[in-house]
Amino acid sequence: MNYLKAILCILFFQITGLLGFAQPQYNLKYKQSKIYSGIEVGSKGVKMSILEVGKNAQKENSFNVLKDTSVNTDFISFTPETFSATLQALTGLYNNAVQVQKIEPLGIFTVISSGVKVQAEKENKMDWLKRLSDSFRIRIGDAKRHVEIIDAANEARLSHLGIVPPDRRYSTFLIDIGSGNTKGGYFPNGNTKDFKLFELSWGTKSTANAAEKRLGDDKTIENFFKNVNRVLAGQAADEIIYAVNISNAYNMSDYVAFSGGIAWATATLIAPELSENPVIPVTYNEVLNLQQKIYKDYASLSDKNIVVSLDVDAEEKKLISSKVKIVNKVFDQKAMLAGMGLLLNVMRQFEGVYEKKQFFLVKNGQVGWISAYVNQNSED
Amino acid sequence: MKDSKTILLLTVSILLLIASMVLLWTWGYNYGTHQKTTPVATVSVNNFTEPKNLDSTAKNYLEKLTVIDKSIDSVWGAKDTLKADLASKLAQFYTLRQEINTLLNKPRENNSQSTAILKTVQDKLTAMQLKITELRNTNLSVENENRRLNEMLKQLRESGQIEPATLPAQKTGTNNTVPASKSAGLAYSASNLNLTAYADENTQKETINADQVSKIVGSFTFKNNSNVPGAAEVIVVVLQPNGKVLQKSAWESGTFISNNGKMIYSCKLRNDYAPGESRKLAFTLNQENYLKGNYTMQVYYNGVLIAKTIKSLS
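So the protein sequences, as listed, match chains A and B.
The working numbering puts the first sequence at residues 1 to 380.
The working numbering puts the second sequence at residues 1 to 314.
Take these hints with a grain of salt, some might be off.
Claimed, not checked - Label pairs and their in silico Cβ distance ranges:
id : chain 1 : residue 1 : chain 2 : residue 2 : range
1  : B       : Thr66     : A       : Gln235    : 47 to 57 Å
2  : B       : Thr221    : A       : Leu310    : 55 to 65 Å
3  : B       : Pro241    : A       : Arg131    : 39 to 49 Å
4  : B       : Lys262    : A       : Leu197    : 52 to 62 Å
5  : A       : Leu310    : B       : Ser219    : 50 to 60 Å
6  : A       : Lys122    : B       : Gly303    : 46 to 56 Å
7  : A       : Pro188    : B       : Ala199    : 53 to 63 Å
8  : B       : Val142    : A       : Glu121    : 49 to 59 Å
9  : B       : Gln204    : A       : Leu310    : 32 to 42 Å
Stated by the list, open to error - Over 10 Å on every C-beta distance to chain B, these chain A residues come out as not near it, computed from the model:
id : residue
10 : Lys44
11 : Thr91
12 : Arg139
13 : Asn248
14 : Glu273
15 : Asn277
16 : Ile280
17 : Lys296
18 : Lys329
19 : Gln349
What the hints assert, rightly or not - Some but not every residue of chain B turned toward chain A, in silico, with C-beta under 8 Å:
id : residue
20 : Trp25
21 : Ile264
22 : Glu288
Derived from the structure by calculation, the hints contain no laboratory data.
Source: prediction; values computed, not measured.
The beta carbon of each residue, even a glycine, is placed where N, CA and C say it ideally should be.
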């Protein structure tokens, strides 16, 4: 099924590529900027981001996501079918970037993410990555095309560089809450070479799964929420406390920024009026109140109910409504409760009696590292 | 004849005497034997042999009695062991007490380093306790002050003397602030509000031409009117001509709850203030494009609008 979807997507990109003659009209944010593309082979599939990078990108992290497309190919299954689907997707997206988006090959960056590398190492399939790169080069007819394999530490480091503005670079601890794990870190020594990596084996999905396993016959939301809290108060809490303590991030950071799906969902529901902002400052209590609302009054967080209370014009209401709808589609009530439980648990480690850290929720964290990669490799 | 009668009487009386003695002996014997065989209460449990015709309840009781008896025996035996243990523990206790006494009586100079550390720790603890008490007091006074001010505000609003939405800046036009007298009742007040547009990011070339603006700089004086020191967070909202908030950056702008509900703010400025202290605060807002029209700068404290000014760009 994934294979078929991938083929259809590629066909679509190829056809639209053939039909395209001029660069599409993007809603650009900066007066002086350049458009780049980052294509990433991830665990789930291949993702292409079209970025507008401002003239002060090196200084201010001024980038704007113009387009974000992905094709699910499940590359880490390492079967001939998924290999072929991934290769097709990679080639199709690259051709789309060149032919439709009219981006020069020098402005297109192709990488293989750390998740793929870790899995390939586990299964002794590193040769598959080389084969993918070689086949891709042959398909696009560019023998010099560079396809870099990024490791976890470098990915976290690049995410930090791409997401956190330079004036807060050395005072911000960035934590990316994924579905299966959590990773992040900070720059402890005032330079961007040394990076303190932070990792947890808990993510949104793994927390929800652990709670689900404990439910028994009582599948109610009350029982689920109770068990989420039990999971987080037990084994997860021990790991979180330990990981935060050994990271020394409490002493070294003024700001704690969270990225990942649950951060995006929480940010969208907490401050729907700031739908255009890529980052939302929040307090522990704001997140806690939202979690209680999700538990006790989930219906009030529907797109219709949210926009009713907003004092914005009809056009903005429509935009906000579509964004809230996507959040509610991606995360159901249980996933929200589990993810926010994990988020709150990590936040709690930074809620000191005398010193509280300022928290931020990053919405476009998924393109943070690729934007930093683009920035790093696009010296004008 | 007389003699034979006397002998007969004597023989009968002797026989009667013997018979009565025999009877007395028999009764005595019977009484003694009865007393020896009947008393069940004196049966020793140890030597008890189970009668064949006892019912089950009685049997249970007897079994329990046997167990209890055995326990009593074991407790009796254990008593001696405990006694020995107690004696040994007591000995240990006395030894430890002796050791502690020796340690305590040691000359202080041997422990000078640890004494110094202990003293420092004690001092720090005392200081911390004092700080906690101070903080509690400050907190209490701030709460009281807040309560008092809220009541005052309420009274002023009820009497129509103050109206947050229509401050003097709006009445007089482009660039005004709240007079000190109006905000005197508040814990913090803002004055000398100024919103300036600059044509160049690096030089201080002022402009009112929207097309030339590269940055907007706002400034104002924020004063602590109370006699309580502490940190205060002042929120600045700069509204563009289209009614949207001009944000400093995604990392510095957010939402807050004001008297008028949830609002977006341009930036937050947090500082510590001594009683009566006033500080000049400034902020810079950068945006790619600026619209023509009125830019309104609002200053909020604790969700209440305390000052406001307007700047026009043509």
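Cross-check of the supplied hints:
For the hinted restraint 47 to 57 Å between Thr66 of chain B and Gln235 of chain A, the CB-CB distance of approximately 52 Å keeps it satisfied. Between Thr221 of chain B and Leu310 of chain A the CB atoms are about 34 Å apart, so this pair departs from the stated range of 55 to 65 Å. At roughly 58 Å, the beta-carbon separation of Pro241 of chain B and Arg131 of chain A lies outside the given 39 to 49 Å, and the hint is violated. The hint said 52 to 62 Å for the Cβ distance between Lys262 of chain B and Leu197 of chain A, and at roughly 37 Å that hint is violated.
Restraint check, Leu310 of chain A to Ser219 of chain B: a C-beta distance of roughly 31 Å breaks the suggested window 50 to 60 Å. Remark: the range hint 46 to 56 Å for Lys122 of chain A to Gly303 of chain B is upheld by a beta-carbon distance near 53 Å. Separated by about 41 Å at the C-beta atoms, Pro188 of chain A and Ala199 of chain B break the suggested range of 53 to 63 Å. Under the hint 49 to 59 Å, the C-beta atoms of Val142 of chain B and Glu121 of chain A, about 57 Å apart, fit the expected range.
Checked against the hint of 32 to 42 Å, the C-beta distance between Gln204 of chain B and Leu310 of chain A comes to roughly 39 Å, which is consistent with it. Every C-beta of chain B lies more than 10 Å from that of Lys44 of chain A, the closest at about 27 Å, which supports listing it as non-interface. Distance to chain B confirms Thr91 of chain A as a non-interface residue, since its nearest Cβ pair spans about 35 Å, more than 10 Å. No beta-carbon of chain B comes within 10 Å of the beta-carbon of Arg139 of chain A; the shortest separation is about 39 Å.
Non-interface call for Asn248 of chain A relative to chain B: holds, since the shortest CB-CB distance, roughly 23 Å, exceeds 10 Å. Listed as a non-interface residue, Glu273 of chain A fails to keep its Cβ farther than 10 Å from every Cβ of chain B; the least gap is roughly 6 Å. Against chain B, the non-interface label of Asn277 of chain A is violated: not every CB pair exceeds 10 Å, the least being about 4 Å. In this structure Ile280 of chain A is not separated from chain B by more than 10 Å, as the shortest Cβ-Cβ distance comes to only about 6 Å.
A cut-off of 10 Å between C-beta atoms confirms that Lys296 of chain A is not in contact with chain B; the least separation is 20 Å. At roughly 24 Å from the closest C-beta of chain B, the C-beta of Lys329 of chain A stays outside 10 Å, upholding its exclusion from the interface. Here Gln349 of chain A stays apart from chain B, with its beta-carbon at least about 21 Å from theirs, past the 10 Å limit. Evaluation of the Trp25 of chain B hint against chain A yields a violated restraint, the C-beta minimum of about 90 Å exceeding 8 Å.
The interface hint given for Ile264 of chain B is met, as the beta carbon of that residue sits about 6 Å from the closest beta carbon of chain A, less than 8 Å. Interface restraint check for Glu288 of chain B: the shortest CB-CB distance to chain A comes to about 5 Å, inside 8 Å, so the restraint holds.
Comparing the model with each earlier hint shows violations of hints 2, 3, 4, 5, 7, 14, 15, 16, 20; every other hint is respected.
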